[in-house]
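Given these sequences and hints, build the entire structure.
Residue numbers (UniProt numbering), protein chains in the order written: chain A, 1 to 700; chain B, 1 to 700.
It is possible that some hints are incorrect.
[Claimed, not checked] Estimated spans, in silico, between C-beta atoms of each pair:
| # | chain 1 | residue 1 | chain 2 | residue 2 | range |
| --- | --- | --- | --- | --- | --- |
| 1 | B | Gln54 | A | Glu36 | 45 to 51 Å |
| 2 | A | Ala554 | B | Ser539 | 52 to 58 Å |
| 3 | A | Pro85 | B | Gln641 | 35 to 41 Å |
| 4 | A | Gln135 | B | Ala143 | 56 to 62 Å |
| 5 | B | Arg452 | A | Thr585 | 52 to 58 Å |
| 6 | A | Ala99 | B | Ala647 | 44 to 50 Å |
| 7 | B | Pro347 | A | Glu169 | 32 to 38 Å |
| 8 | A | Ala647 | B | Arg170 | 33 to 39 Å |
| 9 | B | Gln641 | A | Arg146 | 51 to 57 Å |
| 10 | B | Gln192 | A | Gly565 | 52 to 58 Å |
| 11 | A | Asp480 | B | Ala647 | 42 to 48 Å |
| 12 | B | Ala647 | A | Pro347 | 17 to 23 Å |
| 13 | A | Glu493 | B | Arg170 | 55 to 61 Å |
| 14 | A | Ser109 | B | Arg625 | 38 to 44 Å |
These are computed hints drawn from the structure, not numbers from a lab.
No residue lacks a Cβ here, since even glycine has one placed at the ideal position from N, Cα and C.
2 protein chains.
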Amino acid sequence: MLLRLLFLLLLVIGPQAGAWADDGYRLWLKYDQLPEAGLRKEWQAQTNSIRIDQNVGPTLQTAAHELQLGLQGLLGRPVPVGAAPGGKGHLRLRVAPDAALGQEGYRISYQNGGLEITGSTETAVLYGCFALLRQVQTGQRPAGLRLSSQPRIRYRLLNHWDNPNGTVERGYAGSSIWKWQELPEVLDPRYQDYARANASIGLNGVVLNNVNASARYLTPEYLRKVAAVAGVLRPYGQRVYLSVLWAAPKVIGGLKTSDPLEPQVQAWWKARTDEIYKTIPDFGGFLVKANSEGEPGPQDYSRTHADGANMLARALGQHDGIVMWRAFVYKAGSGDRFRQAYEEFQPLDGQFADKVLVQVKNGPIDFQAREPFHPLFGAMPRTPLVLEVQLTQEYLGFATHAVYLGPLIKECLEADTHRQGPGSTVAKVVDGTLEKHSLSGIAGVANIGSDRNWTGHPVGQANWYAFGRLAWDHTLRSEDLAREWTRMTLTREPAAVAAILPLLNQSRAIYVRYTTPLGLHHIMGQSLHYGPEPWLSQSARPDWTSVYYHKADAQGLGFDRTATGSDALALYAPGARHLWANPATCPPDYLLWFHHVGWGQPLSTGRTLWDELTTRYYSGTDSVRWMQQQWELAKPALDPQLYADVAARLRVQHREAQWWRDACVLYFQEFARRPLPPTLTPPARPLAEIKELVDIYQLR
Amino acid sequence: MLLRLLFLLLLVIGPQAGAWADDGYRLWLKYDQLPEAGLRKEWQAQTNSIRIDQNVGPTLQTAAHELQLGLQGLLGRPVPVGAAPGGKGHLRLRVAPDAALGQEGYRISYQNGGLEITGSTETAVLYGCFALLRQVQTGQRPAGLRLSSQPRIRYRLLNHWDNPNGTVERGYAGSSIWKWQELPEVLDPRYQDYARANASIGLNGVVLNNVNASARYLTPEYLRKVAAVAGVLRPYGQRVYLSVLWAAPKVIGGLKTSDPLEPQVQAWWKARTDEIYKTIPDFGGFLVKANSEGEPGPQDYSRTHADGANMLARALGQHDGIVMWRAFVYKAGSGDRFRQAYEEFQPLDGQFADKVLVQVKNGPIDFQAREPFHPLFGAMPRTPLVLEVQLTQEYLGFATHAVYLGPLIKECLEADTHRQGPGSTVAKVVDGTLEKHSLSGIAGVANIGSDRNWTGHPVGQANWYAFGRLAWDHTLRSEDLAREWTRMTLTREPAAVAAILPLLNQSRAIYVRYTTPLGLHHIMGQSLHYGPEPWLSQSARPDWTSVYYHKADAQGLGFDRTATGSDALALYAPGARHLWANPATCPPDYLLWFHHVGWGQPLSTGRTLWDELTTRYYSGTDSVRWMQQQWELAKPALDPQLYADVAARLRVQHREAQWWRDACVLYFQEFARRPLPPTLTPPARPLAEIKELVDIYQLR
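As structure tokens, this is what we get:
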């Protein structure tokens, strides 16, 4: 009878199978029952109930609910929530000011025989709850658990490049998750799940809209919509921020100017800002892309970036908000683009108001697969700098290439600026410890869209995850985060994890190899930024072409940025510069970033430039095969739908790796006029065929 | 013990609750267990197993699998599929040529005591399986079941206006479901669910890409992708079609011309077409938007639409494919836009090749909330005409207004062209019976996107559903389809159904009232086609403004299309013309389509034009309140998430109905210079405020 009932139950469930397949929507928050009965028992013994004080606020209620949801799933039995003190076998959530933990840090420990999660604020306890769930989910034991953590960076934000019409600039995972047309009345359940995901990894804010900003968001009509989103995000500790259009006073304010020194412009922004805070009391502040790529800005009125940023800071006044002013600027025709943001911003150091942070991309060009760290890091000691990294894979294969970005982000964070002696890492600039700033920030350009699994490529989830965790604590190891994510999201089966981890950890290096080895950069398909187009020589601006960057000629390859060339190297502190200055000792990964190297020049690897270059294109491509094999090894432990999805994407990736390899090898060969090393099989197709293929992807 | 086990089971299921809420993904294919035990037993007794012949093809296997899935869910017990003959208590699927049923018709009947679904082809049996499931799902009894049906129209297609970059022109439900970047390797599971949905309502084909077409799709690179989609759709009886860019021979063929009379152009299309059929043997054919809204076409070479269409027909040669050539053309500055498609296409009647169908929108302007039927219907007796209707609500409130389109589609189908005497309905023109055509077609511009529930607004699903069912059998009643859809998708609880049905059935009339009553048309926000903008008087073309259409002046309102005006009325047969010719007898719904009427003119309703106009704007807006109340009545029987979603959208709809009402009443009052009828409360806001609001939605 019992068995028959079960059978019927399963049958009734059966037809809804679609809802049960692992479609990726739950991200890493998979509260499936732990397979180890013993481990479940151990945790059950410590979590007979969740105890909170009476009359707590919405964030602590959210924390208790999330914990309940997670523990019930992981441990397979009910966990009531009650307003009662803690005690042996019960789990208590408690807000108590603790200077050692700051505003957002949490502590998990035993108090009077019972587990307790404490923090100075409700949000801190929420972070602690997710930390505890992570312990359970990754199979840690409860005995002797003692854990405390607090974020090293204060503003930990996702930047959405989402447009009001629902498209996402450089988005590859469907449309925007924000449904502006339907807001404020319709609250997509997805908003809440998004907030949960961000909170679970320690993020605390969201810039909702594209830096190429619409003025719509500053109107009352849209502020009501923004407020509705903010209302859903608030209990999860996520504040909302807006990108602003510099010309807004003209476009929607009816003024004739946007000059930051004009009193009427200042008054307009002040009034707008007050209005925003009336609607959204915990509004986070403004992100600004000004005088960059055609966007308006204070320079339209012969004012500086500092004039603009400081005016907005004054508009914020006593409100608890900040201005993040982007340093991503480059003027056409003013020499090496590598130098331009530095030249424009470094002289402004010391001129920015207290609430202003300058937001700097990880590298000097634009989110290439590998860049040297941006020379502004360490060079503006009197200005807090936000590190901006890109999670959406604009230049890294969209949603069809598996590229785990942990290593890229860490590479930048750990780079040593040498500005205050050895050990002056980018991380210490960004977290404020090097230059004693109280404000600090980090921003990830979101890779999130309406796709069911949020990120298109399932591995994209790992990038969202690793970014959040590193934003919280940049000392975490990229490999450890890959392991955490894999075990929470994909499988805890040891052999499968062992197969997947090297795939993730090496994926970025492999991508670099088959697209831009040895320090090549910006040789991708124009506008689209997809596929290879090293032959691109005509564009609206010279620094939008490929030849501008690779400078291939009969002699050799690479951009001379030493004193004999653009001398961009001089922008770095001597200690940092030293690493790259000598072509003989420059690490091969950065060689062509800084040197024009002869085709026949022997490198430190023992091969000539040409042989090394082509060998890397081939070995990078072959490595995608290796990634496929690793994924196959994990197959028995994976959800079939997820397995098939990634396996198919790896097939695309291999096809496109060959595309890159053949394109670049054949194109550069026209300059090098050398045969491939004998171990490599020449491409089977002519370059003309590849050029046609690239053109197809750029058709209307 | 049993109860405890159940409790635990439910707990384990609990945390995945998100997957259980009714998120709309399953559409009307909800195979939840029938609540009536008796009814389940009756059906169980007839469906102990599903029997098919050995060695059947993929479509019959698909049919058996779908039937199994559905019956197991609805009846709550396993239904094995076996290769065996039928028999009492078993359900047999059988392919047997049957001239009475045609190629796609099915019959469900008892044979030798057992239920049997038969048809001439596997696809026919598949349609029969969905028909049987519909019987079960809507609570019909099996006793004495005897049912047969065949489609009245041969080509029943969805047209996707989806672009290669993933955007959807006039799409309001997220991004395109086609992931071109990931194809052909990655096959989103959604493709299959899409095909199921189409097959379940009797559609048999899909134009994958926007009529503003990219040439990409004709390249080998993209044909591989198209073939991959076709492979998923094929077992569900769905053929794929492509929209083609007329200039493709130049853009991707390297030719200097696209002149259809040039032998090299003809040869290019022939070779391309042969290549397509090599890749996709059951390819359906081409859809063409030529010399329309800036698209290239044969007129660029002084050739006619017939020259162009016939050239493509010749390229198709012996392949089983068709050309659908769109009649949606209007030249700037050549008189009343209402007349232009007629003037260009009617003279070509008789000149089109056998494989060509001309595709005509339901009305002469462009998918307005109500239009008179297109004058081309009945006026091209020697040419099969495809009826094109728009399911995506470009002019009908996007995804925030509940507008059930069954009445709109039926209104057009039942319109009488009088071309061969009374009863010469558009339906009979379209299904080919009036003019004895063997080819016939109907196309719905899809309202489908990546949103979880496919259509953004849940009611949008009803439009997809009703279109498919009407495409199969245009004699079905709109109200019956609304009932079918509601009971399959939302609830079978009688009181709730009784509350929802009038909401659906009256929704389109209500939308007309608060946006474009009495035959007003094309007065919406420019470019965006959202919100009111009757004051729009400047645009790139006069017929893109609003004043072109409403012609408000001090005397009155409306477009005189009688002999004293543009005389567009003359394009209709006398019998049809008669209905609209006299302003005194013209039905109020069409009045301003054809007449310029004085503000003080008394109408058949007993009110003056001004009073009737304003009364309709107000009563239409009030009716949205009534829709909200109806929805509340149904609440107890609805899934909470679905209830909340629609309730919120109705709040948006009411807010925007007020927006339309206030905008139009205040604007037209500037001409009428009359007070509102005393029962109506004047808008609380000035027109200037509304104009600002409209501007906001048109900002970058």
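Taking the hints in turn, this is what the structure says about them:
1. B:Gln54 with A:Glu36: 45 to 51 Å: holds, 47 Å
2. A:Ala554 with B:Ser539: 52 to 58 Å: holds, 55 Å
3. A:Pro85 with B:Gln641: 35 to 41 Å: Holds, since Pro85 of chain A and Gln641 of chain B (Cβ atoms, about 36 Å apart) stay within the stated range.
4. A:Gln135 with B:Ala143: 56 to 62 Å: holds, 60 Å
5. B:Arg452 with A:Thr585: 52 to 58 Å: Since the Cβ atoms of Arg452 of chain B and Thr585 of chain A sit about 55 Å apart, the hinted range of 52 to 58 Å holds.
6. A:Ala99 with B:Ala647: 44 to 50 Å: holds, 47 Å
7. B:Pro347 with A:Glu169: 32 to 38 Å: Because 47 Å falls outside the window, the suggested range is violated.
8. A:Ala647 with B:Arg170: 33 to 39 Å: Taking Cβ atoms as reference, Ala647 of chain A and Arg170 of chain B lie about 35 Å apart, which means the hint holds.
9. B:Gln641 with A:Arg146: 51 to 57 Å: violated, 41 Å
10. B:Gln192 with A:Gly565: 52 to 58 Å: holds, 56 Å
11. A:Asp480 with B:Ala647: 42 to 48 Å: Holds: the Cβ-Cβ distance is about 46 Å, inside 42 to 48 Å.
12. B:Ala647 with A:Pro347: 17 to 23 Å: Violated, since Ala647 of chain B and Pro347 of chain A (Cβ atoms, about 56 Å apart) do not stay within the stated range.
13. A:Glu493 with B:Arg170: 55 to 61 Å: violated, 47 Å
14. A:Ser109 with B:Arg625: 38 to 44 Å: violated, 56 Å
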